[in-house]
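Residue 1 is where the sequence shown starts when you use UniProt numbering, and the numbers rise one by one after that.
Worth double-checking, as some hints may not be accurate.
Said to hold, decoys possible - When the alpha-carbon atoms are kept at most 25 Å apart in a straight line, the in silico SDA-like pairs for lysine to any residue are as follows:
#1 Lys243 <-> Asn285
#2 Lys281 <-> Asn113
#3 Lys30 <-> Asp302
#4 Lys115 <-> Gln36
#5 Lys85 <-> Lys243
#6 Lys86 <-> Ile166
#7 Lys59 <-> Gly297
#8 Lys154 <-> Ile166
#9 Lys115 <-> Thr18
#10 Lys115 <-> Leu168
#11 Lys88 <-> Lys238
#12 Lys173 <-> Gly66
#13 Lys301 <-> Lys118
#14 Lys293 <-> Gln36
#15 Lys59 <-> Lys88
#16 Lys129 <-> Ala248
#17 Lys88 <-> Ser249
#18 Lys138 <-> Ser292
#19 Lys115 <-> Glu164
#20 Lys26 <-> Lys115
#21 Lys88 <-> Glu135
#22 Lys118 <-> Lys85
#23 Lys118 <-> Lys86
#24 Lys30 <-> Ser249
#25 Lys88 <-> Pro176
#26 Lys144 <-> Ile166
#27 Lys301 <-> Asn22
#28 Lys144 <-> Ile184
#29 Lys30 <-> Leu91
#30 Lys88 <-> Gly251
#31 Lys243 <-> Lys281
#32 Lys129 <-> Leu21
#33 Lys89 <-> Lys144
#34 Lys156 <-> Leu21
#35 Lys144 <-> Leu91
#36 Lys59 <-> Asp108
Don't read these hints as lab results, they were simulated from the structure.
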Amino acid sequence: MNKGGIIAINKPSGWVCTHILNELEKILRKSYLYNQLVDISQEQAHKRRRKSKDSKYRKIKLGHGGTLDPLASGVLVIGIGKSTKKLKKFLNCTKEYEATALFGYSTDTYDSNGKILKCMPWSHLTEDKVTKALENFKGNILQKPPIYSALHMKGKRLYQYLREGIELPEEIKPQPTTDDAIDISSNVLQEQGAMNYKSEKRNLFNSTNEIKISDNLSNNVDNEEQKTSNIRSSIKRKAPAVKFRIVASSGTYIRSLIHDLAIFLDSAAHIVELVRCRQGKYILNENTIDWSKFQNGDWEKDFLEAISLEDDTES
């Protein structure tokens, strides 16, 4: 194993990447593979395993090759030991995603974990209009990262400013990115929508007194109760959901891409499902290890095969 290696896991939705790494370190630490993953002798490993659980000597160095949002699932590349130095190449490699967007509503996080901010019309959307609009987001473009992101600004990540209630020191600047391919992988404009996502149904109905309603939906009604009635009725008509396949380079925020696409279409949207299907040579369900195997204790065989493969192909 040569004191390290690289694997890819199938991250489940709902997990923060740092929590995955922390849990994985605990699992590896208790395994018989411990002394093969740290640069120490077996005797030293035995002594250090007997120390308190918080001992720095027991830590196995881990890192990931590009974060995934808590909502997102799919390929998460993880470096172990000295192989963490090889992770930079995975930040710049090609990635493929499947993203399901719910049109008609925007949130402060650009995904379903956030607070609904605005309701916009969607009845004018067609598959043809969406497909044509996608052409404006292919190739080299400028994209403004979402405020809820891990992007650094003046020594802090953007989400840290929000958590601490601190105003951003400067405006978020658009950044260059490359989207090699974007297309509709499943057109469900007329078939599915908000009511197919239970959490969305709850969030939308609970937020109707707080969101900004487009004039086209409020019909210039002055009575707030009537406006709320209008928006609830629009929800019942099932907001359109569309699944996209996106092949992108480093720096692309899929949440921002969907947010900007919706604005271009005179609507609003947010991500309700996001799956990273591929990152470099790692393909979901082909050469990834499901996180549930680590949780169930059934991981060592797949782990050894995966990490050995990396040793065979990396210098």
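Against the structure, the hints:
1. Simply put, Lys243 and Asn285 have alpha-carbon atoms about 20 Å apart, close enough for the 25 Å limit, and the pair holds.
2. Proposed proximity of Lys281 and Asn113 is contradicted: the alpha carbons are some 30 Å apart, above 25 Å.
3. Of the pairs offered as hints, the one joining Lys30 and Asp302 holds, with about 17 Å between alpha carbons and a cut-off of 25 Å not exceeded.
4. Straight-line distance between C-alpha atoms of Lys115 and Gln36 comes to about 46 Å, which puts the hinted pair past the 25 Å bound.
5. The suggested pairing of Lys85 with Lys243 is violated, with an alpha-carbon distance near 35 Å, which exceeds 25 Å.
6. Taking the CA atoms of Lys86 and Ile166, the gap is about 35 Å. The hint is violated against a cut of 25 Å.
7. The suggested pairing of Lys59 with Gly297 holds, with an alpha-carbon distance near 20 Å, which does not exceed 25 Å.
8. Pair hint Lys154 plus Ile166 holds up; C-alpha atoms about 12 Å apart against a cutoff of 25 Å.
9. Among the hinted pairs, Lys115 with Thr18 is consistent with the structure: their alpha-carbon atoms are about 23 Å apart, no more than 25 Å.
10. At roughly 20 Å between alpha-carbon atoms, Lys115 and Leu168 fall within 25 Å of each other, so this suggested pair holds.
11. Only pairs whose Cα atoms come within 25 Å are accepted, and Lys88 paired with Lys238 is rejected, the gap being roughly 42 Å.
12. At most 25 Å may separate the alpha-carbon atoms for a hinted pair to count; Lys173 and Gly66 meet this at roughly 21 Å.
13. With a C-alpha separation of about 49 Å, the suggested pair Lys301 and Lys118 falls outside the 25 Å cut-off, and the hint is violated.
14. For the hint linking Lys293 to Gln36, the alpha-carbon distance of about 20 Å falls within 25 Å, and the restraint holds.
15. For the suggested pair Lys59 and Lys88, the alpha carbons sit about 22 Å apart, so the restraint of at most 25 Å is met.
16. At roughly 22 Å between alpha-carbon atoms, Lys129 and Ala248 fall within 25 Å of each other, so this suggested pair holds.
17. Of the pairs offered as hints, the one joining Lys88 and Ser249 holds, with about 13 Å between alpha carbons and a cut-off of 25 Å not exceeded.
18. Proposed proximity of Lys138 and Ser292 is contradicted: the alpha carbons are some 36 Å apart, above 25 Å.
19. At most 25 Å may separate the alpha-carbon atoms for a hinted pair to count; Lys115 and Glu164 meet this at roughly 18 Å.
20. Distance restraint check for Lys26 and Lys115: the Cα-Cα separation of roughly 34 Å exceeds the 25 Å cut-off, and the hinted pair is therefore not satisfied.
21. With a CA separation close to 30 Å, the supplied pair Lys88 and Glu135 exceeds the 25 Å bound.
22. For a cut-off of 25 Å, the pair hint linking Lys118 to Lys85 is broken: about 43 Å separates their Cα positions.
23. About 42 Å separates the Cα atoms of Lys118 and Lys86, which puts this hinted pair outside 25 Å; it is violated.
24. Among the hinted pairs, Lys30 with Ser249 is inconsistent with the structure: their alpha-carbon atoms are about 37 Å apart, more than 25 Å.
25. For the hint linking Lys88 to Pro176, the alpha-carbon distance of about 18 Å falls within 25 Å, and the restraint holds.
26. Distance hint between Lys144 and Ile166 is fulfilled; the C-alpha atoms sit about 20 Å from each other, no more than 25 Å.
27. Distance check on the hinted pair: Lys301 and Asn22 sit about 21 Å apart at the alpha-carbon level, within 25 Å; holds.
28. A distance of roughly 22 Å separates the Cα atoms of Lys144 and Ile184; the hinted pair therefore holds under the 25 Å criterion.
29. The straight-line distance between the Cα atoms of Lys30 and Leu91 is roughly 30 Å, outside the 25 Å bound, and the hint therefore fails.
30. In summary, the hint linking Lys88 to Gly251 is supported, as the alpha carbons are separated by about 13 Å, within the 25 Å threshold.
31. Of the supplied pair hints, the one linking Lys243 and Lys281 holds, its CA atoms being roughly 23 Å apart against a limit of 25 Å.
32. Between Lys129 and Leu21 the alpha-carbon distance is near 42 Å, which puts this suggested pair outside the 25 Å criterion.
33. Between the alpha carbons of Lys89 and Lys144 the distance comes to roughly 23 Å, so the proposed pair stays at or under 25 Å and holds.
34. For a cut-off of 25 Å, the pair hint linking Lys156 to Leu21 stands: about 21 Å separates their Cα positions.
35. Using a Cα cut-off of 25 Å, the hinted pair Lys144 and Leu91 holds, with the two alpha carbons roughly 18 Å apart.
36. For the suggested pair Lys59 and Asp108, the alpha carbons sit about 37 Å apart, so the restraint of at most 25 Å is broken.
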